[in-house]
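Asker: Line order of the protein sequences matches chains A and B.
Going by the numbering used here, the first sequence opens with residue 1, and the numbers climb by one from there.
Going by the numbering used here, the second sequence opens with residue 1, and the numbers climb by one from there.
I should point out that these hints are in silico values taken from the structure, not numbers from a laboratory.
Treat the hints with care, as some may be off.
What the hints assert, rightly or not - Example chain A residues on the side facing chain B (calculated, C-beta under 10 Å, incomplete):
no.: 1; residue: Gln21
no.: 2; residue: Ile41
no.: 3; residue: Asp42
no.: 4; residue: Ile44
no.: 5; residue: Ile47
no.: 6; residue: Phe48
no.: 7; residue: Glu51
no.: 8; residue: Glu52
no.: 9; residue: Asp71
no.: 10; residue: Asn74
Since the structure is predicted, the reported quantities are computational estimates derived from the model, not experimental observations.
Just so it is clear, CB atoms sit at the ideal spot from N, CA and C, and this is done for glycine as well.
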Amino acid sequence: MSNTHEELTKSVMGFIRSEMQDKTVEFTMDTPLEGVKIDSIDVIHVIFKVEEEYGATVDMAPDAKFATVGDFVNALIAFIPADKKADA
Amino acid sequence: MTPNWVEVTGRGVVSSAGLTVPEFTQTILSGQCLIGDISDIAADIRFTKGAAIRNFDAAAHFDEKTLGVLDRFSQFAAVAARGALAEAGLLEGGLLEAGTDRERIAVIVGTANGGGDILMEGYGRLYKEDRKPRPLTIPMSMASAPASRIAKELGARGPVFGVSSACASSNHAIITGMMLIRAGLIDVAVVGGTDSCFYESYLKVWDVLRAVSSETCRPFSTGRKGLIIGEGAGILVLERAGRAAARGAKVIARLAGGGMSSDAGDLIAPDSSGMARAMRAALVDAGLEPDAIGYINAHGTGTVANDRAESSAINDVFGGNRDKISVSSTKSIIGHAMGASGALEAVATLAALETGMIPPTVNFISADPDCDVDATPNEARKRAVDVAVSNSFAFGGLNVSLAFARSDR
Numbered sequence: 001m002s003n004t005h006e007e008l009t010k011s012v013m014g015f016i017r018s019e020m021q022d023k024t025v026e027f028t029m030d031t032p033l034e035g036v037k038i039d040s041i042d043v044i045h046v047i048f049k050v051e052e053e054y055g056a057t058v059d060m061a062p063d064a065k066f067a068t069v070g071d072f073v074n075a076l077i078a079f080i081p082a083d084k085k086a087d088a
Numbered sequence: 001m002t003p004n005w006v007e008v009t010g011r012g013v014v015s016s017a018g019l020t021v022p023e024f025t026q027t028i029l030s031g032q033c034l035i036g037d038i039s040d041i042a043a044d045i046r047f048t049k050g051a052a053i054r055n056f057d058a059a060a061h062f063d064e065k066t067l068g069v070l071d072r073f074s075q076f077a078a079v080a081a082r083g084a085l086a087e088a089g090l091l092e093g094g095l096l097e098a099g100t101d102r103e104r105i106a107v108i109v110g111t112a113n114g115g116g117d118i119l120m121e122g123y124g125r126l127y128k129e130d131r132k133p134r135p136l137t138i139p140m141s142m143a144s145a146p147a148s149r150i151a152k153e154l155g156a157r158g159p160v161f162g163v164s165s166a167c168a169s170s171n172h173a174i175i176t177g178m179m180l181i182r183a184g185l186i187d188v189a190v191v192g193g194t195d196s197c198f199y200e201s202y203l204k205v206w207d208v209l210r211a212v213s214s215e216t217c218r219p220f221s222t223g224r225k226g227l228i229i230g231e232g233a234g235i236l237v238l239e240r241a242g243r244a245a246a247r248g249a250k251v252i253a254r255l256a257g258g259g260m261s262s263d264a265g266d267l268i269a270p271d272s273s274g275m276a277r278a279m280r281a282a283l284v285d286a287g288l289e290p291d292a293i294g295y296i297n298a299h300g301t302g303t304v305a306n307d308r309a310e311s312s313a314i315n316d317v318f319g320g321n322r323d324k325i326s327v328s329s330t331k332s333i334i335g336h337a338m339g340a341s342g343a344l345e346a347v348a349t350l351a352a353l354e355t356g357m358i359p360p361t362v363n364f365i366s367a368d369p370d371c372d373v374d375a376t377p378n379e380a381r382k383r384a385v386d387v388a389v390s391n392s393f394a395f396g397g398l399n400v401s402l403a404f405a406r407s408d409r
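Okay, chain B solo, but in the shape it has when bound (with noise of 0.2 Å):
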């Protein structure tokens, strides 16, 4: 351990593989996949399938009123974060326990949508029905609203913000957390990201971006042809080290660093050149050499260009250690949750330091040559991981590698 990296003590999720996160791991690691049939959702398109979250009972969490200013995406986040803070034991009777300074307590979410499914509404009611939209459809649906409804569940009163980065929006934010407890501005960062993904006009317009898989996601694999959508929200409860000691809290995994980098480049087309500087970037800024990584959770889409990219970028990073290292797409499980991906793709990757197991690729074929990497095909893998590296690649070029070490590093 450096006295820059801080510790991860809660973890939250709302996804279609499970919304605690001991029936997420169990499920990421079974090999299971949850993608199934969205045809109800939207028809006439090229697509059929998508990992929609079908069992998220929202009345169970929140009352009537509160979920009148609440958008599917804000109470995805909520729900999550209760888990991680409950996790971290920062929680008495629902609000930060005493201890906590509640100025020195950061919430950053990240969303690459915002709330669609109230700004669709809304604008079905104005187009088809010459009804004005809801009044409190702005509230609702801007980026903020899940960590602004997380804040005010816990009476944090620090650092509150949202950030959008399309699919590394997560990541973003969990970066954005370790650096304000680095900089010594908060003692506690409640960070993530949260999507929600299955309603008809967003379906629609990814159908006609042509990235969207015809039948499955087979990252890394021969036959893939393109991403699968999915859902959620992912929480993580960052600390200052040393912070869960003093207060007997147990510490699951460390966030050693991160880095970015932007390609500057094409708008949809991957950059591997970009990708590799990001994850060089997380390596310098945790204080590691490559030979210390042994599994890379992938951002792993199942697009043909962006595997092939990703792969490349790997080898050109950890070339001389691609034997040691294990590499997976947790996407090829739950599709991609777009600003939410990168905080569950962080809740895997720590599952994998805590129990030894690599989550696998589900639904590979056979391996591509144009992807030089171990995608752990099909079954989760015993290896014993210190340091992991989690990526997350974003539409516009914006690159965020995160590198988790286990607790005992």
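One chain only, chain A, in its complex shape (with noise of 0.2 Å):
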């Protein structure tokens, strides 16, 4: 099944909302990363969630910097197989 990369980007981010500890925070893309508050271990579970949903294999470093929510969830897609994007 191939998605567009506005539905990929929601579903990223509904990653990253899902191992918040506040899940109540709003952020958008352009939210810096920090403002998130994810740890370490959040970052490997993203990861992973990715991988999962996708087929993707993500190589990426777990300490990997990001300024904003934006760059890590396109760094992300852009380890999604072609296959799977609508767009590509």
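Fit chain to chain and form the complex, with the hints in mind.
Answerer: Structure below.
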């Protein structure tokens, strides 16, 4: 099944929300990543969910640095195989 | 008391005999046996009995996110540590009280198995479901995970590590904490052991070793057919001598000394000379003569070979005082909790010192002539004891004996 970039973005942001300590905190793609307060374990879980959901192999260190949520989300989406992307 | 004795100020347990020390003490003195049916966990093996903990509600102790990073053996240890630290009066709002130097507290927790539950789940996902193991399988299963978790909860920033020596893991952890205190490196040691044992593959690998009893556990008795698997955690708080009094805390007992030895021999078969050397070393370390000892909480697995070898070792070390020493095996009540067994049995030993009642060896039919010890058959016995020894003798020939003394000694 193919997904648009918008659908993938929404999905990965959902993975991030599911790992947040405080799930009521609102965030957007422009929110600084440190603002959503996820730790190294949470990042590993988010990467793992992307791999399981989309059959991706994410070559990313758990301590990789990203300025914003959007930078992190787009870096993950880049690892999703082309056949899962509608607009690839 | 001699200057190198350390104080025991806290105890915590997670066990089939109870999730609190008062419940545990009452149960082991009552003559009950917690061994029950475990055939729902593994089928097609030679044994159907074990002492599994069925009433541990992890969700009552940890939030969902924390549970996601803690395997069952770490959960046991953390809950037991909370109980021990609470009894020691070292907690304020779940953290170390302000008077404790965080860099002078050690956390040392033994485990024989490590995080077997999560490892086995990972292998199941990998080989049965063709899925990846969970991403945190490594940090959840590592043998140091329980110590790390306790340190994190406390904010303890001194020496923190796991130790592993199969069934002697707890006692190696306890003796290491004692030595660090004596060396002046720390003031407080949170020590003990933990293991989770009731997952299918673990029971199946014990089955093929043929060491588990096909019925129940009868240490030192005729008709004994092997050990029975248990699980749980035991944690003690140790403090340097005088520290408890200075802060107005109660001393439960003293850890007078400990002895370690290795058989350097058979991987599985016990060696009574190695056992005897550990007990002698504990007495020498404590500055005590054999006639000071009134009770021995035996390793007492219930295998033919262990109990014969341990009885021989006890008679070798204490022969002249044999009739003045009670012996019993807590494993007859709560099974063999592997890396947790030493710490749980230390709590049983402290119960004997505190109450003046010797916990029994249950399921006892009649004395085995090859086991010439007073094994306290089936019923607790009143006996005031000043000093007691607790033995742990592991596969691989790794032996540790601890000598505990009453607080007024």
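Asker: Give a verdict on every hint.
Answerer: Results of checking the hints against the structure:
{"no.": "1", "hint": "Gln21", "result": "holds (7 Å)"}
{"no.": "2", "hint": "Ile41", "result": "holds (6 Å)"}
{"no.": "3", "hint": "Asp42", "result": "holds (9 Å)"}
{"no.": "4", "hint": "Ile44", "result": "holds (5 Å)"}
{"no.": "5", "hint": "Ile47", "result": "holds (7 Å)"}
{"no.": "6", "hint": "Phe48", "result": "holds (4 Å)"}
{"no.": "7", "hint": "Glu51", "result": "holds (7 Å)"}
{"no.": "8", "hint": "Glu52", "result": "holds (7 Å)"}
{"no.": "9", "hint": "Asp71", "result": "violated (21 Å)"}
{"no.": "10", "hint": "Asn74", "result": "violated (21 Å)"}
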